[in-house]
Amino acid sequence: MSTSKTPQAGFLAIELDGAGWDGVDLSRAVLAAESAGFHVATFTDAPAPGRAHALQRAAFAGPVTRTIALVPEVDTVYTEPFHVSTQLASLDYVCGGRAGWIATAAEAPEAAAAVGRSSVSGAALAQEAAASVEVSRRLWDSWEDDAVIRDVATGRYIDVDKLHYADFETPAGFAGPGYSVKGPSIIPRPLQGQLPVLAAASLVGEGQVPAGAVDAVLVSAPTPELLAAEVRDVRARLGASVAVIAELDVVLDSRGQAAAGRVAGFDSGRAAYACSAAGLTDFLAELLKEADGVRLHPASLFVDLEELGRLVLPELRRRGVLRPVVQDGTFRDLLGLSRPVSRYAAASDATAASNAVAPAGAGK
Amino acid sequence: MTQHTRAKSDVFTPTGQIQFGVFFQGVNSGTIWKAAESGSQTDFESFRRIAQTAERGLFAAFFLGEGLRLREHLGRPHALDVVGRPDAQTMLAALASVTKNIGLVATQNTTYNDPADLAHRLASLDLVSGGRAAWNIVTTDNAWTGANFRRGGYLDHADRYKHAEAFVETAKRIWDSWETPEGPARRVLHEGQHYTVDVTPRLPRSAQYRPVLFQAGDSPEGRNFAARQADIIFSAHPKFDAAVEFRKDLVARSVAAGRGANAVQIMPASEFILAPTAAEAAEKKEWVRSLQIGPQQAIAYLEQFWGRELSAYDPDGPLPGIDPVVDETSETRGSGFHGAKARQLADQWRAEAKDKGLSIRQFVTSRTARVDATFTGSYADVADRLAEYARVGAVDGFNISPWLVPTGLDDIVNHLVPELQERGVYPTGYRGSTLRGNLGLATPVRTADDAAQAVRA
Numbered sequence: 015m016s017t018s019k020t021p022q023a024g025f026l027a028i029e030l031d032g033a034g035w036d037g038v039d040l041s042r043a044v045l046a047a048e049s050a051g052f053h054v055a056t057f058t059d060a061p062a063p064g065r066a067h068a069l070q071r072a073a074f075a076g077p078v079t080r081t082i083a084l085v086p087e088v089d090t091v092y093t094e095p096f097h098v099s100t101q102l103a104s105l106d107y108v109c110g111g112r113a114g115w116i117a118t119a120a121e122a123p124e125a126a127a128a129v130g131r132s133s134v135s136g137a138a139l140a141q142e143a144a145a146s147v148e149v150s151r152r153l154w155d156s157w158e159d160d161a162v163i164r165d166v167a168t169g170r171y172i173d174v175d176k177l178h179y180a181d182f183e184t185p186a187g188f189a190g191p192g193y194s195v196k197g198p199s200i201i202p203r204p205l206q207g208q209l210p211v212l213a214a215a216s217l218v219g220e221g222q223v224p225a226g227a228v229d230a231v232l233v234s235a236p237t238p239e240l241l242a243a244e245v246r247d248v249r250a251r252l253g254a255s256v257a258v259i260a261e262l263d264v265v266l267d268s269r270g271q272a273a274a275g276r277v278a279g280f281d282s283g284r285a286a287y288a289c290s291a292a293g294l295t296d297f298l299a300e301l302l303k304e305a306d307g308v309r310l311h312p313a314s315l316f317v318d319l320e321e322l323g324r325l326v327l328p329e330l331r332r333r334g335v336l337r338p339v340v341q342d343g344t345f346r347d348l349l350g351l352s353r354p355v356s357r358y359a360a361a362s363d364a365t366a367a368s369n370a371v372a373p374a375g376a377g378k
Numbered sequence: 215m216t217q218h219t220r221a222k223s224d225v226f227t228p229t230g231q232i233q234f235g236v237f238f239q240g241v242n243s244g245t246i247w248k249a250a251e252s253g254s255q256t257d258f259e260s261f262r263r264i265a266q267t268a269e270r271g272l273f274a275a276f277f278l279g280e281g282l283r284l285r286e287h288l289g290r291p292h293a294l295d296v297v298g299r300p301d302a303q304t305m306l307a308a309l310a311s312v313t314k315n316i317g318l319v320a321t322q323n324t325t326y327n328d329p330a331d332l333a334h335r336l337a338s339l340d341l342v343s344g345g346r347a348a349w350n351i352v353t354t355d356n357a358w359t360g361a362n363f364r365r366g367g368y369l370d371h372a373d374r375y376k377h378a379e380a381f382v383e384t385a386k387r388i389w390d391s392w393e394t395p396e397g398p399a400r401r402v403l404h405e406g407q408h409y410t411v412d413v414t415p416r417l418p419r420s421a422q423y424r425p426v427l428f429q430a431g432d433s434p435e436g437r438n439f440a441a442r443q444a445d446i447i448f449s450a451h452p453k454f455d456a457a458v459e460f461r462k463d464l465v466a467r468s469v470a471a472g473r474g475a476n477a478v479q480i481m482p483a484s485e486f487i488l489a490p491t492a493a494e495a496a497e498k499k500e501w502v503r504s505l506q507i508g509p510q511q512a513i514a515y516l517e518q519f520w521g522r523e524l525s526a527y528d529p530d531g532p533l534p535g536i537d538p539v540v541d542e543t544s545e546t547r548g549s550g551f552h553g554a555k556a557r558q559l560a561d562q563w564r565a566e567a568k569d570k571g572l573s574i575r576q577f578v579t580s581r582t583a584r585v586d587a588t589f590t591g592s593y594a595d596v597a598d599r600l601a602e603y604a605r606v607g608a609v610d611g612f613n614i615s616p617w618l619v620p621t622g623l624d625d626i627v628n629h630l631v632p633e634l635q636e637r638g639v640y641p642t643g644y645r646g647s648t649l650r651g652n653l654g655l656a657t658p659v660r661t662a663d664d665a666a667q668a669v670r671a
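Note that the protein sequences, when read in sequence, are chains A and B. First residue of the first sequence? That's 15 in our numbering, and the numbers climb one at a time after it. First residue of the second sequence? That's 215 in our numbering, and the numbers climb one at a time after it.
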């Protein structure tokens with residue numbers, strides 16, 4: 015099992031919380047992040063006064079951007095897996111294949127009370143997350159890429175043989191109320207085939223969400239100094255097939271004001287870095303030798319975004335530690351993932367299965 | 215905005231105006247996919263094109279349907295019609311960034327959504343769109359749809375409006391929970407037969423106070439529900455005399471509900487087939503119908519009533535002489551057909567088709583075409599007819615289903631709208647930037663009762 019990343023440049027993500035709900039502010043934030051050269055924008059959905067639905071904020075950003083991946087958090091515990099799957103597939107359509115999903119598992123009892131369910135905790139959270147991710151993955155595959163045939167001669171809009179029931183059932187030993195999802199999906203296969211799924215590293219592993227169910231994990235540590243070691247540990251634990259993204263709170267010196275003076279302190283539990291742009295640049299360049307990507311959580315979105323775009327990202331690009339931004343690329347492209355063939359296509363055609371290669375761009 | 219709204223009164227007063235909405239998209243035979251001009255049903259560009267064309271034509275609203283389970287025919291997904299649709303609110307949030315004034319209406323089910331989650335998502339859409347969101351309230355009760363959801367089928371048909379009304383009341387309280395834009399929120403509690411809600415809502419009121427409510431039920435129960443709760447009813451009665459009757463009926467129900475005669479607007483579903491002359495429009499109609507109901511669709515239509523495969527029959531020949539194999543019709547799941555006495559129906563249909571000299575295809579076309587809902591004619595003639603609806607206040611507008619995507623509104627926007635504007639019955643600009651303002655709806659007033667029901671967190 016590999017314990018180091020493959021030797022290629024990394025990517026940078028930015029959490030856009032703080033842009034609010036207003037369309038003008040949302041556009042301004044996501045366009046600033048895109049023009050600064052960020053590869054990924056994330057949208058937190060942790061309940062907080064004034065925070066609008068993350069997936070809708072991401073959807074709003076879709077048509078006004080070209081390159082940045084749009085990745086909302088969506089809860090897996092108190093949501094309907096069928097709706098979540100449809101919403102995420104729809105997001106992929108409105109942003110041209112740049113969508114991803116940070117699958118979260120709500121722990122707050124308030125989240126349970128809102129929908130009138132018993133509170134889920136402990137190991138049951140990962141079970142709920144694993145089930146919901148599996149439902150989405152099956153539904154995304156439930157229309158093969160070439161299911162819409164529009165065959166005028168036979169009068170068929172779709173080829174029914176290329177639609178499949180998901181027939182998901184929660185496994186034996188499922189702690190919460192078991193459920194089933196029939197399928198097929200209500201929307202054709204997403205542009206990427208499968209959206210990249212991200213989750214906190216603490217939710218992924220043996221006895222939790224299987225490493226094979228996610229494409230990337232988010233790794234936190236109490237201090238910046240401990241972050242690189244934590245990234246190495248997680249990679250050793252989960253294997254090389256899962257991309258590792260380090261989490262970092264940042265506050266930069268801005269307009270003559272020292273970073274330390276700009277915030278009273280962070281209380282997110284993430285590693286926090288308060289310093290000059292040059293200091294952060296050096297730190298990120300080192301960190302990206304270990305992590306596939308770093309997600310930044312700016313203390314003050316618009317202030318820090320300006321400094322990052324002006325001073326940090328250009329220097330990182332100059333040093334060659336950032337992957338190039340690709341016009342019209344997908345989020346899978348950014349993560350180095352090929353476009354997968356539907357699991358049902360492979361199952362329904364044995365000959366195809368034995369030749370199941372060259373999936374990139376198939377049927378898009 | 216307020217100068218356009220009408221004071222509460224028990225007497226209905228026509229506005230003398232009509233407005234348009236567009237319904238995109240029907241997953242049924244109404245949308246033509248076989249023509250060279252038929253575009254993608256899933257690409258974002260199709261949605262953007264329709265929404266922006268509608269906005270150019272000063273349409274009040276852009277509607278999206280909701281899919282919860284794919285239609286099935288004889289036990290397999292139905293193959294012959296357009297199928298596959300996006301999540302309504304995700305698509306509308308995206309369209310909010312490429313439109314400015316048009317209302318964004320999401321059809322959403324009260325049976326397979328949670329009130330707190332749905333109210334939060336609608337509030338989010340309302341805020342990101344600057345006060346342009348609306349909810350088209352629908353109910354479902356069948357267990358077949360429930361197979362895609364955690365709870366499965368759980369609701370009795372008889373309970374669906376009771377459940378829906380409790381759901382809508384809860385959503386309204388969630389939207390009413392922030393008294394000022396800064397908060398704090400009032401905690402909302404609801405304990406009902408089918409669910410409980412205990413939530414401290416996260417979002418303030420929008421520029422239009424809260425999402426506009428559309429409703430489409432047509433049974434007496436559904437109409438009463440609309441009269442009590444809805445801002446607009448998406449009716450099934452576009453034909454002039456029926457529309458006038460429906461208006462009278464709804465006004466009476468709305469007055470009885472204590473909301474006055476002018477509180478609920480009416481927008482029937484409709485289809486337009488237009489051309490410069492009446493003769494060209496009639497010719498176009500033939501073409502549209504031939505593509506809507508192809509030979510395979512005609513046979514499939516009969517199959518759902520016969521309960522057996524009928525592919526050996528000639529679509530251009532007479533109705534099948536053999537009898538249905540079922541006592542009750544095998545519905546095409548998800549299409550709204552419900553059980554009927556199959557043999558009786560077959561006898562009736564054979565007699566009717568023979569009587570009128572209709573082939574299978576002609577007979578099915580006559581049954582499935584939106585006979586009452588279609589306005590066919592020259593731009594000027596149709597404008598004259600619509601002006602009459604406006605004059606008497608038969609409807610407040612029409613909800614148009616385009617039969618072609620994405621160019622299906624072009625004729626309407628380029629030719630019919632200017633004719634209507636010349637007649638003084640159609641807006642010449644958006645009144646404001648919110649949907650409520652553009653529709654001329656009154657801003658909801660938070661009642662003392664509402665406030666009393668909300669427990670301060």
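Among the hints, erroneous ones may be present.
[Claimed, not checked] One side of the interface only, derived from the structure: several residues of chain A facing chain B at Cβ under 7 Å:
no., residue
1, E94
2, S104
3, V108
4, I172
5, F297
[To be verified] Here are the in silico distance ranges between beta carbons for each label pair:
no., chain 1, residue 1, chain 2, residue 2, range
6, A, R80, B, K314, 15 to 23 Å
7, A, V166, B, G289, 52 to 60 Å
8, B, L403, A, P338, 50 to 58 Å
[What the hints assert, rightly or not] To spell it out: a stretch of chain B is covered by chain A in this simulated footprint if at least three of its residues, at any positions, have a beta carbon under 8 Å from a beta carbon of chain A; those stretches are:
no., stretch
9, 277-284
10, 300-311
11, 332-343
12, 359-370
13, 557-563
14, 589-597
What the hints contain is simulated information worked out from the structure, not anything from laboratory work. Every residue, glycine too, gets a C-beta built ideally from N, C-alpha and C.
The hints, checked one at a time:
1. E94: This interface hint holds because 6 Å falls under the 7 Å limit.
2. S104: 4 Å, holds
3. V108: 4 Å, holds
4. I172: 5 Å, holds
5. F297: 34 Å, violated
6. R80/A x K314/B: 15 to 23 Å: 21 Å, holds
7. V166/A x G289/B: 52 to 60 Å: 25 Å, violated
8. L403/B x P338/A: 50 to 58 Å: This hint holds: roughly 53 Å between Cβ atoms.
9. 277-284: holds (count 4)
10. 300-311: Result for this restraint: holds, n = 10.
11. 332-343: It holds: at least three residues are needed, and the stretch 332-343 of chain B offers 8 whose Cβ sits within less than 8 Å of chain A.
12. 359-370: Since three or more residues must qualify, the claim that chain A covers the stretch 359-370 of chain B holds, with 6 doing so at under 8 Å.
13. 557-563: Coverage by chain A is violated for the stretch 557-563 of chain B (0 residues, Cβ < 8 Å).
14. 589-597: violated (count 0)
In the structure shown, a violation is registered for the earlier hints numbered 5, 7, 13 and 14, in ascending order.
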